[in-house]
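Student: Chains as they are written, first to last, in UniProt numbering: chain Z, 1 to 422; chain P, 1 to 396.
Hints listed in this document are in silico derivations from the structure and should not be mistaken for laboratory results.
Accuracy of the hints is not assured; some may be wrong.
Said to hold, decoys possible - Result set (DSSO-like, lysine-lysine): computed pairs, CA atoms no more than 27 Å apart in a straight line:
#  : chain 1 : residue 1 : chain 2 : residue 2
1  : P       : 25        : P       : 189
2  : P       : 377       : P       : 391
3  : P       : 94        : Z       : 86
4  : Z       : 54        : P       : 51
5  : P       : 391       : Z       : 404
6  : Z       : 323       : P       : 18
7  : Z       : 21        : P       : 94
8  : P       : 18        : Z       : 86
9  : P       : 392       : Z       : 404
10 : P       : 73        : Z       : 49
11 : P       : 47        : Z       : 31
12 : Z       : 71        : P       : 83
13 : Z       : 388       : P       : 391
Quantities reported herein were computed from a predicted structural model and do not represent experimental measurements.
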Amino acid sequence: MDALVRDCHKLSKHQTASTQKAISALDTAIKQLEQVHSQLPIIGESACKESLEKAKEQLDSTHIIASEQLKELYGNVSKYGKHVEKTFKMDLSFVSESKAFEDKKDILAQSILLHFLREGDFETGNSFAKEAGLELPYETKAQFEEMYNTVSAIRSPEHNLIPALTWTVQNREKLESHGVSLEFMLHRLRFLQLVEQGNTIEALGYARKWFPRFGRTQDATEDGDVVMAEDEQPNYNAETAGRVAMTHATHSQLEEIEHLMGIFIYARRLDSSPYAGQFIAQRWEDGAHAFASAFCTLLGLSSSSPLSVTIGAGARALPIVCKVSGLLRDKRVEWSQQNELAVEVPLPDDMRFHSVFACPVSKEQATPENPPMMMPCGHVVCKASLDKLAKGVRPGAIASGRFKCPYCPGMSSLADAKRVHF
Amino acid sequence: MDKINVDHMLAIEEPFIKAPLEQLKRTVRQSQRQVERETAQVSAVLKTLAKGGDGVATEDMAETLNGLVGRLKALRENLEEAKQEEALLIQRSKQRAADLHELSEFESSTHPEFQRWCRARLDRVLIDYMLRSGNVVTAHKLAATGGLEHFADYSLFSLVMSTERELCEQHSCHGALQWCAENRSALRKIQSPLEFELRLQEFIEMIRVSRTPEAIVYAKKHLTQWSDTQLPRIQRAMTLLAFSPDTRCPPYKSMFDETRWEQLALEFRSVIFQLFNLPAQPLLHLLLQTGLSALKTPACISDDSTEHNRNCPVCQIETLGRLAKDLPLSHHVHSNLVCRITGERMNEDNPPMRLPNGYVYSFNALTEMAKLGGRVKCPRTGDAFAITDAKKLFIS
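Isolated chain Z (complex conformation) (with noise of 0.2 Å):
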């Protein structure tokens, strides 16, 4: 991809000297054709015979200059061409065949007007609501306003934060419970923007009055201050999830702390400083994203936008089934008329949402009827692949019905595996 840039480069610097020498000697061809025609009624004719020739040799000599740059031009852009063919060897197109959303085009619209709202970018959904001829329900429209104006408020040139405060300390316990860790980003963008103006009075008061809290909150959770209700069933798996996601980020937090108190010996000349990276303009663009991903964590909403996590799943997948499906084209298999993908995935850990089980010894997925089942030393495996271990189809097998596990030395009999649910 590098190579393509440099390519781009040398190709531009060539383009635009080779097309100027073209219309150079396109120029001189029709100046003298111009004086020729403005000496006809001058001179006699075998002057004007003359020039005529004169004229048309200065022509044939533009058509071979400007054709020769031409044709060189034309070669240097196919010599880039073979880079890029080079570059980009996957063929997308037996992917590409395959007509899965012709008849929901309308849910594809709704999903995707969804996603601009939902990451705050309400100017893009209206839109596309107008230009699709999509309906924007109102409750939708009133869900998503506080937000839009938070949104905006960080967007604008003067990027105030004070909003987007205001809304996370009045919604921080929710927030906690549900592992945001909006506010410490947002103190932190407020700090820096206090040392950025030149207030460093400011953010010195700004930091002793917002930062220590960062610090108790490890406290707090390994002291079991903050003390959860038996009866609070419905939130337990977020108040949970929400702590031991708390816990983990403290310890990063206090880190930052201390880097970022570091700015002060730089206040009056950043721009040279090593804080001066932290000062780059994608980082509203960031706050805002990532308050509306609070925000819509607290609706009840996928904590990021599920078009979002789908592409960023179908880029890692795409280039894998298209291979895939180059191999199988031979078979006539179609991917996706297949029940299920011919080859894994690997996803991220942020893109798996859902336990899958597959038997290490068969590889084969768990199901209903062929559940994962333990054995006494911890290990799993499929029920089917337990039976078949209790026949003594495998080396290792007891008369008895006791057989050793395939991992361990560890002995285990049918009655003795117990049923696993994920």
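Chain P: place on chain Z using the hints.
Tutor: The following block gives chain P in isolation, referenced to the frame of chain Z:
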């Protein structure tokens, strides 16, 4: 730590690099041809002028010369335009390649820069979708807010849109035929019968309004060129002369059908996309299809809603879940265990623990819960157990 497979990730960006490249090739080729043709022709005229100068009136010669100068000036203007166009396309290719190249600088997928890159990727995929589906204003908005103007091929798509509209709404082949004429050699290379189909349509329209003699002349001029490959269809088309537009005889009825215009529009789109190396479907469709499949598990389509995870795209039953309905499930030969409580991955560092009722949660979740007095409560059954009763599982 999840490493990024840069080659794989960039593979799907192919259309964004190839589309401007194809446009560039076409522009250079066109000006090349124009220069060759125009200068050669002007030179030929000059030659005859110089030779047969006797007897030609000075005024006539002056007029001819004036015409020649005009031609060369027009050529110059075209070259100037092509120069701008080429510079724009090269600049666009360069910016795109540079943006895509940033990917190789990120070490892992948790890098915040990578998250930004992914957001920009979604935006450019959406821009492509918006342009293809004619939502041009939205495309412009997206490009402007994301600073992605160089990822939008406006001129290409506006050509597609206007030609399609002309075909479907005005029932005119004019623009489409002109485009075919400009790209004849490329069309021949991919053996596209698009031009034939357009000519055929014009022929049918003449018959529809009973301009029979004209239709025959038209067929002689334009359809016979295709007799090598399309003879049976030409013969069938000629048979239309014997049928009236309200015929109920199937093959002829379908040829008189107005929906043929829409088919032509579709055909035009598919051919122009093929020439510019754009996939037939929007990239958004391709990524969504494979993405939904890769995420889809039996739990997502379970009738038991407690199996669903609100963060999972496929579990959004009203939206993406419906798109995923007929798509294949993901394939797994390795286990992947996700804690129901924390959503964390369960592995050696955070092992799965089985409660006596058979339900499994992560070590982190259970120890966190047990801080309240050593007991844990199964969120699915409500049973409470001592943490010491939880048994560690080994998943190989």
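Student: Does residue 51/P sit within 27 Å of residue 54/Z, going by the straight-line distance between their CA atoms?
Tutor: holds (13 Å)
Student: Please work out if residue 392/P and residue 404/Z have their alpha carbons no farther apart than 27 Å.
Tutor: holds (19 Å)
Student: Check whether the Cα positions of residue 47/P and residue 31/Z lie no farther apart than 27 Å.
Tutor: holds (18 Å)
Student: Next pair to validate is residue 18/P with residue 86/Z; report whether the Cα-Cα distance is within 27 Å.
Tutor: Holds, at roughly 12 Å.
Student: Checking one constraint from the list: CA of residue 73/P to CA of residue 49/Z, max 27 Å. Satisfied?
Tutor: holds (23 Å)
Student: Does the structure keep residue 323/Z and residue 18/P at a Cα separation of 27 Å or less?
Tutor: holds (20 Å)
Student: Is the hinted pair residue 25/P and residue 189/P satisfied, with a Cα-Cα distance of at most 27 Å?
Tutor: holds (15 Å)
Student: Given the hint that residue 71/Z pairs with residue 83/P, does the C-alpha gap stay at or below 27 Å?
Tutor: Roughly 14 Å between the alpha carbons, so the hint for residue 71/Z and residue 83/P holds.
Student: Residue 388/Z and residue 391/P: Cα distance at most 27 Å?
Tutor: holds (25 Å)
Student: Taken at face value, is the distance from the CA of residue 404/Z to the CA of residue 391/P at most 27 Å?
Tutor: Holds, at about 20 Å.
Student: Does the structure keep residue 21/Z and residue 94/P at a Cα separation of 27 Å or less?
Tutor: holds (23 Å)
Student: Take a quick look at whether residue 94/P and residue 86/Z sit within 27 Å of each other, Cα to Cα.
Tutor: At roughly 17 Å apart (the allowed maximum being 27 Å), residue 86/Z and residue 94/P satisfy the hint.
The structure agrees with every numbered hint stated previously.
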